[in-house]
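Visitor: Protein chains in written order, with the numbering used here: chain A, 1 to 300; chain B, 301 to 613; chain C, 614 to 1053.
Note that these hints are calculated values from the structure, not bench results.
Certain hints may be false.
Below are the DMTMM-like pairs computed for lysine to aspartate or glutamate, each with C-alpha atoms no more than 25 Å apart in a straight line [as the list claims (entries may be wrong)]:
(1) C:918 <-> C:886
(2) C:1029 <-> C:969
(3) C:890 <-> A:186
(4) A:98 <-> B:404
(5) C:809 <-> A:183
(6) A:98 <-> B:603
(7) B:487 <-> A:270
(8) A:98 <-> B:577
(9) C:952 <-> C:678
(10) B:487 <-> A:186
(11) C:651 <-> B:603
(12) C:1029 <-> B:427
(13) B:501 <-> A:99
(14) C:809 <-> B:427
(15) B:487 <-> A:183
(16) B:487 <-> A:140
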Amino acid sequence: MTLLLFLAILDGLAYAAQVFMVAVGLTLIFGVLRILNVAHGSFFAIGGYVAATLGTWAATTALAPALALPALLLAAVLVGGVLGPVIERLILSRIYVKEHVLQLLVTFALFMILEDIQKLTWGVQPIFQDAPVRVLGQVEVGDIIYTAYQLYLLPGVALATLLGLMWFLRRTLTGRVIVAVTEDREAATAMGIDANRVYLLTFTFGTVLAALGGALASPTTSLVPGVGVNMIVLSFAVVATAGLGQIEGAMLTALLIGLGRSVAVYFAPEFEVVIPYLIMVAVLLVRPHGLFGRPELRRV
Amino acid sequence: MDRRLALPAFAGAALVIALAASAPWLKFVFTIALAKGLAVTGILLLLRAGQVSFGHALYIAVGAYTVAFTRPHVGEMLLLLPLAAAAGTIVGLAVGLFVARYRDIFFGMLNLAFSMVFYSLLEKLYEYTKGTDGIRVARPTIAGMALERVDYEWTMLIGGIALALALGWLASRFLASPLGQALPAIKTRETRLEFAGISAKRVLLVAYVISAALAGLGGGIIACTTLHVTPLLSYWTHSGELVFIAILGGGGSVLGPYLGAIVYELVRVYAAAAFPDGWQMILGAVLLLIILFAARGLWGIYEDLVLRKGRRA
Amino acid sequence: MPKLTRRAALQTAVASTVALPTLLPREAIGQQRPSELKIGISTFLSGPASVFGVPGRNAADLLIDQFNRAGGIGGVPIRSIVIDEAPGVDFLLGECRRLVQNEGVDVMLASISSGSCLAVAPLAEQLRMPTILWDCGTQRIFEEASYRYCVRTQANAVPEIVAPLLYVAKVKPDFRTLAVLNQDYAWGRDSWAIWKAAMDAVKPGVRVVAELFPRFGATDFSTEITRLLALRPDVIFSTSWGGELDTFIRQAAERRLFERSTFVLPLAESSLERVGKTLPEGVIVGGRGDHWFLHPTAKDTQILKDFTAAYRQRFNLYPIYPTFHMAQALYGLKAGYEKAMAANGGAWPSREQLMDTMRGLQFAHLTGTMTIREDGQGLEPMLIGMTKHVNEYPFPVIDRMVMFPPELTMNPVGTKGLDWVRLLTPASVQRAPAEIPYRA
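Take the sequences, apply the hints, and build the full model.
Guide: Rendered as structure tokens:
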């Protein structure tokens, strides 16, 4: 029983790491731009596809094993670095003045377009590239075999992302500017902050994180049409539960969801699917603005 | 009804009937579109208050499954459809009491959460719902008459149009009423509403329950038209579709939802026929263009083209 | 402006009301040979199930080209119109009406999803539209209703699950514990219900140690795999498919779950080429019928060799079971038309004549001949075997093959599959035919 619980916790941590990597970019974007980006799932999927393509190419080169992991990061930077600015400048920047619902729907439209583009580019056959998992090998816990990728690398990257983001947002000037815009957009712009630049930067950064989430998932999962769709809803739940733009909240929520899910798989598999929503409803019942959210000022 | 609405409403109804007469398959497509239009009318009410529900497919599914579950015991459509609307109302009230306290993303996401939990239930309670295989609905009688397929389809379409006209008129009356006028205040400055002694929560709750009832009715019509219901009805992409239609049609008029729904279905059919592998992309592009260049939707375009010109002439 | 539109609308209305009666009577008798035979095909072109839908569509394109080069069906060239069933029943039924009433489609080949087939079959009946159910698996269709205008040119879920059960009971008679991991939707639940009922009859006393139903579209099975590693069941049964099956196989292989349990994967034939030799030897696999490009009795026939070569050349992949299902539908349709025409003195058959001929039809296809029963249900053998690694292919081949005949695995007309499997006995296992080894 104790061992079982311990195993459930290990699984939960690994899953939480994946959930966090998907949701953190969305949280960041929402915090600054106040846009709930439905296309986030598409960035996740495209990041995964590009990582698999790059990884397959890297496997043919002389440096094959050494390139396996860097290829994941490269894919994320490529996808985020290209798609992020292009979409922000060409499309999103035109609708910042419009209603929230229009902003949300624009990303819904992007999601529909990107979904078909993925299909036309990579086809419908499941694609995968598991070199990164094989490079890192296996670990035994008791008599249960885990992959090191799942047990060490995923949680490690998630933790590094969290700490890196906290450092970036608290200690660097750009980061503080982003926080300032998250906290009070009007005051920040009144103080001379170039909101456009902050938006561009944040959206690009958030896109890189989404693509990184996809790239990190690609060695363990198969990329199929619709793989992004499932991610969207899950990361939405994380963002709302965490509170707007709350990075630490996203981590805590991801942990709750990850652990809740794995405990459910062990003890009540029927409930696994609804765990994220139950957690969300429960949290919002107690804290109407999310775990780390604060009520906005009531303005007359 | 306002003359500026009545004319296009009846002209549109005549056009729909004419098109359906010339191409029989359109009867089905238009009936589905009108049913979705009912649900979108509810979305429109919430949009007036600045709130987006990303979960209204829940009520469509509640209505549709109400019909599917009661059909073995109740054979009459004139009973089934009110039951569907009532089920939507009850579930809408229960959920609404909870979600009406929330705004913006929390409102949207909680709706999404409830619809996804319901979707999971429909799949999980396999014994009762047959999961994704869905439930077959035997064709009900209409006012005691057991109609043949063609007559049944015509009755559904004409009935759908009549409902759309009647409920469209009611919706416009509601929006003009003091309660309806309070909705935009939630969007701009909710606090002012409270200072005026009006409970924003109650206003939103009323709009929410109405929207749930409309979606439940729409779901009932969908079930009576397709005669087969599946859990996919409540999936979140279908909720997104409703918001899509609301924006496509335009929020400026109660006719927008029906206009949007019919155009949406037609674009989807023809896009899928022309590009079977890329119809989603075409729908997305249409939505993108509408938002970027005609944010008031198709109704806005119509107003610009016809009404202004008409006034000048 | 509005006036004009209304007048135009009225004119259209009047014109079409006048035109309407000429559209209506399309009677059965005295059919003229059409200038082309239009086939509507509904399949998944988007979403996760497009992993089956697109190969099915590809097979249709390939075979229709081949048929047309050889004169089509009875001298009539074939044209296909493909529609996507992914958006759901309300869209699909509208599309079916459009194809029938607007495009004048002569035959429908309907659907991969069982939900789609259950919805389309009654509509086909009302529209008097000859419909072949080409891939959907649920046994409910012909058990719960009878249709004049629908037939199925393949087996159904009952033999697809009973066959692998008899196989595992034969090759691993001493298994005591079992775990299931199926996708959480109708097929996952249905196939488990059939398996469980049949297993309780064939091998009473087997303990089910875990019933795992991860959500449809799950991308990660680590938690489930940990549990399976800890539970060490003798047998792990999974009817998953597509990307999820690939993921499950790879994650299980990485964590050496295959070393602890015997896997029974009744749909894995469709994943073999993709997962490659990640899938170890000794895994029990099937392909929803006797579908495999190295089919033991058909692999050297010209028809299968040519098809595999042409398919590979055009799509750069080996054919998988949905392509065989599509081929069965098209070969069955062709045979049905030809037989009906022969009986009709060479004249083009009416829809009713076609559908009456389809019942009881025996026809040759890529891997042999099959029969359509009088209730419309197709009867085909089930090919189950064990994976083996050979040098000729970069992916596992199937060894120790058993071809289960329909008499052993399919419930008779008028019975319900789920009730019938309870009547199986431990002796059923002994009636399985002999194993056929893989040969290069």
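Visitor: If a hint holds in the structure, say so; if it doesn't, say that too.
Guide: Verification of the hints:
| no. | hint | in the structure |
| --- | --- | --- |
| 1 | C:918 <-> C:886 | holds, 18 Å |
| 2 | C:1029 <-> C:969 | holds, 24 Å |
| 3 | C:890 <-> A:186 | violated, 59 Å |
| 4 | A:98 <-> B:404 | holds, 15 Å |
| 5 | C:809 <-> A:183 | violated, 57 Å |
| 6 | A:98 <-> B:603 | holds, 20 Å |
| 7 | B:487 <-> A:270 | violated, 40 Å |
| 8 | A:98 <-> B:577 | violated, 32 Å |
| 9 | C:952 <-> C:678 | holds, 21 Å |
| 10 | B:487 <-> A:186 | holds, 18 Å |
| 11 | C:651 <-> B:603 | violated, 43 Å |
| 12 | C:1029 <-> B:427 | holds, 16 Å |
| 13 | B:501 <-> A:99 | holds, 21 Å |
| 14 | C:809 <-> B:427 | holds, 15 Å |
| 15 | B:487 <-> A:183 | holds, 21 Å |
| 16 | B:487 <-> A:140 | violated, 56 Å |
Consistency with the previously given hints fails for numbers 3, 5, 7, 8, 11 and 16, ordered from lowest to highest.
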